[in-house]
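Peer 1: Read off the chains here:
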Amino acid sequence: MVRPTNSTPAVELLRVTQRFGEYTAVADVDLRVDEGEFVAVVGPTGCGKSTLLNMIAGLRPPAAGEVRVFGQSLEGLNRRAGYLFQADALLPWKTALGNVALGLSFAGTAREEAEARARGWLAKVGLGGFEDRYPHQLSGGMRKRVALAQVLIMDPKILLMDEPFSALDVQTRQLMENELLRLWEEDQKSVLFVTHDLEEAIALADRVVVMSAGPASRPIGNFPVSLERPRDVTEVRLTEAFLEIHREVWGLLREEVMRAHGQA
Amino acid sequence: MDKRRVRLLQLALLVFLVLGWEFSVRLGWVDAFFFSKPSEIALRIFEWFKSGEVYRHLWITLAETVLAFTSGTLVGVAFGLWLALSPVAAAVLDPFLKALNSVPRVILAPIFTLWFGLGIASKVALGFTLVFFIAFFNTYQGIREVSPVVLANARMLGAGRNQLLRHVYLPSAASWILSSLRTSVGFAVIGAVVGEYLGASAGLGYVISQAEGVFDTTSVFAGIVVLAVFVVLLDVAVSVVERRLLVWRPEPGQEGGTV
Ligand SMILES: Nc1ncnc2c1ncn2[C@@H]1O[C@H](COP(=O)(O)OP(=O)(O)OP(=O)(O)O)[C@@H](O)[C@H]1O
Ligand SMILES: [Mg+2]
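Chains F and E are the protein sequences, given in the same order. Be aware that the first sequence starts at 1, since it is given in this note's numbering, and climbs by one per residue. Be aware that the second sequence starts at 1001, since it is given in this note's numbering, and climbs by one per residue.
Just so you know, these hints were derived from the structure itself, not from any lab. For clarity, every value in this text was computed on a predicted model and none was experimentally measured. Be a bit skeptical, because a hint or two may be false.
Calculated pairs, DMTMM-like style, for lysine to aspartate or glutamate (alpha carbon to alpha carbon, straight line, at most 25 angstroms) [what the hints assert, rightly or not]: (1) F/K94 to E/E1145; (2) F/K94 to E/E1242; (3) E/K1003 to E/E1242; (4) F/K124 to F/D28; (5) F/K124 to F/E66; (6) E/K1037 to E/E1242.
Here chain E stands alone, though its shape is the one from the complex (with noise of 0.2 angstroms):
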């Protein structure tokens, strides 16, 4: 199936799910106070990008995300290349992580609002420990992988601890450590707004969640939009990033032999 035809595909059924929206409003089928219409929804997104008062909230949503993102991941994958390399600490604390990864985070918004206060920091906190556990398990799984005949290799030709952490460890986890990064970035967005719904001044799930009080639902809509394109162009960042850091791997069904 080529690219092009998918894409018109995607193209026409927005747009039939758009217009229907539209004109199930419009027909007085649906009520306009309950789903708001296209047409309004964009007009308001454009006001609010038209006076600026967006850039405020998409800012410290971002911060909120970018911070939960780096601090989780670096201190995840820190974490996990010191448990796989060390066997005994990993299972004195597999229970620990494990317990404590199965917390549902929403719960915590509160603890870490009433910690860290009604800022960034609260958020940031609640992201952090989305992605840590994401970048720690497969970080770890990543380096359990690593291949005996590659390791053995790296050792016969004279690689020292570092050396193989960084020649062999690391980049054998990579793979696994980059393509957990865009669920990581997932996660992180949806601690910045969990946390900025449950309590904030400020950011892309307050702006949801103040509409929502005074059922402005196009504004909720809107703050839908916004968020959905911002979490989009996330991932599409860190896939380019992924590609760059991954030229080494076949890709499906292409190995060996492409001489």
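Here chain F stands alone, though its shape is the one from the complex (with noise of 0.2 angstroms):
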């Protein structure tokens, strides 16, 4: 696919570090996702992946450096991006129907249209029928895919992803990625996903980015993935162009792995 290389990126990040006290998570990170294009981030356990998202959501601030959003430096809350959290974020004391109808009414639509087009997203993501659940009602895989419909109906042009399958079981897992790809081609949004799972960070992504082993974490490597689009994620899993990029990653980052093991 050919994607515009001269375009303002989407989310660029320069030089940016960030200090939990004196504990210093991720430092002088220099990243860019440009504008319609998917980018996957893997990196050991601790490393900083969150951090990262965190920040260009613009929930808590660099301690040092820039996050810029469409070519503009970030203040407050990122408002183009949507941000799927890698823990529960569901709001318990609202059902599916009410949590994905949220950012709608919080935006002023009309409750019957909220709740249409919530219902819609429902459907989409294989919850048709559990409209008036309530979280703790859900199983973890359905409570996920909530919250990503509940993500997706305010359309992003920015989409902040933080493992959002890794709960689910391996088909449904496969559904929601080919889901995914399949909406991500359709409209072109930019798409920072975070994945301990290297196979399904290639499957799905333009482009690997891996972490250090934290502290002072940052990105060392940056594979660009040149496997044919629209694809399948179960079928390119089998061609030898996904197996010789697999090796190549899995060859820095068994490194990583073994490093944050080895301090832990």
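Build the complex from these two chains, which are given one at a time in their own frames, with help from the hints.
Peer 2: Dropping the structure here:
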């Protein structure tokens, strides 16, 4: 797929550092996500992937450096971004329908319209008929899908996803991955996708970024994935090109994972 | 353990205690003057309701309880919201609130009577000082315990300040507030009855205190029984409301995956 190379990036991190007290989680990170680009970030646990997303979302400003969104320096919350959190983030006191309709109702959409669209989105994520369930009455994977619908209904230009599918079983997971790719190809969102799963990263992304083990973690590898689109995430895994990229990235990632384990 | 068995055992225990009491008095083991008799107490209650004189007192106590409960809860919740969302005010007021809350309320009763007279107002004031702090502390805690992820999610979805209050803070605090309501009702009753007991011209507390004045133990116990039933009924009413409003909360041990 051909991508514009000189346009303003959707997200750009310029020498960004984040600290928690004395602890430096990420240091001097440079990262860019072009408009319409799908970037996956992999790295050992605790290296600072969620920390990066939080900064891009504007939830916690960086200790140093700059976050730019479509060329503009980010201040406050990132209004262009939808954020699928790693932890459960649904409102427990609202039904699945109420949760998905939430963003629209915040924006002042009439109740009937918001609910009608929310119904449509619940059906899209395979949860038609579960409208009236409260989060505690749904399984972990179902909750994740409600959360996905909750974010996508707002049609954000930038999509931040923090291990969105790790709670799903393999079949549902591949369904959702294909669905995500289809949605993304439809309207060219810029996606920053965090995952533990290197195969998932390669199957989905245009580019895989590898983070070093913390502390002071930063990107140490940048691997373009030139598998052809549209892709089927199940089939693409079997291709020779896929395996080759996997070998290449894994060589680097394994070292970092071992280092992270060694420290723990 | 099944519910019916427990109920049966409870009933048996009650019958045993009442009969034991009745016969201890009848057989002269204990003095009827000090302990009265269940049969006499039941008769007294029956007379009260038959003649209708108890309704006035019940009504007064109920009015005091409801007024203290609602005013204390509303003001307490509003205050809790305010302090939880403005850390500076919370830091400044913290020692004052702790000091105020440590005052035993009974000693306030004479002062309230002085300020607000012998009528309903002084009892409502006493109940208010009890209920307010319960509602306040629970609201404050409930809001401080809002899940940061849920909060961040609502903000990312575009919630403004008022929307956060309505859709995140209040519902999150609601489970704390609602589960404190039953305690609050109990304390509202205590405020009313203690107030009446120490100086009033009507109400269940007044009835009991009058009866004690003339050593009428039968009426004292009758008053206590009526009061106990009154509190139990209020408690049931509140827990019905609580269950209605908290449908979203998992029952213990039912979390997730009930599909
Ligand atoms: N609020 C916080 N206070 C203190 N330390 C924090 C905080 N949030 C994150 N950290 C630390 O920063 C580092 C990076 O955390 P982060 O959650 O970004 O990791 P991650 O890469 O998302 O890990 P995982 O893959 O397990 O989700 C960790 O060492 C963590 O302990
Ligand atoms: Mg994380």
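Peer 1: Taking each numbered hint in turn, which are not upheld by the structure, reported in ascending numerical order?
Peer 2: Hint check: 4, 5, 6 fail, others pass.
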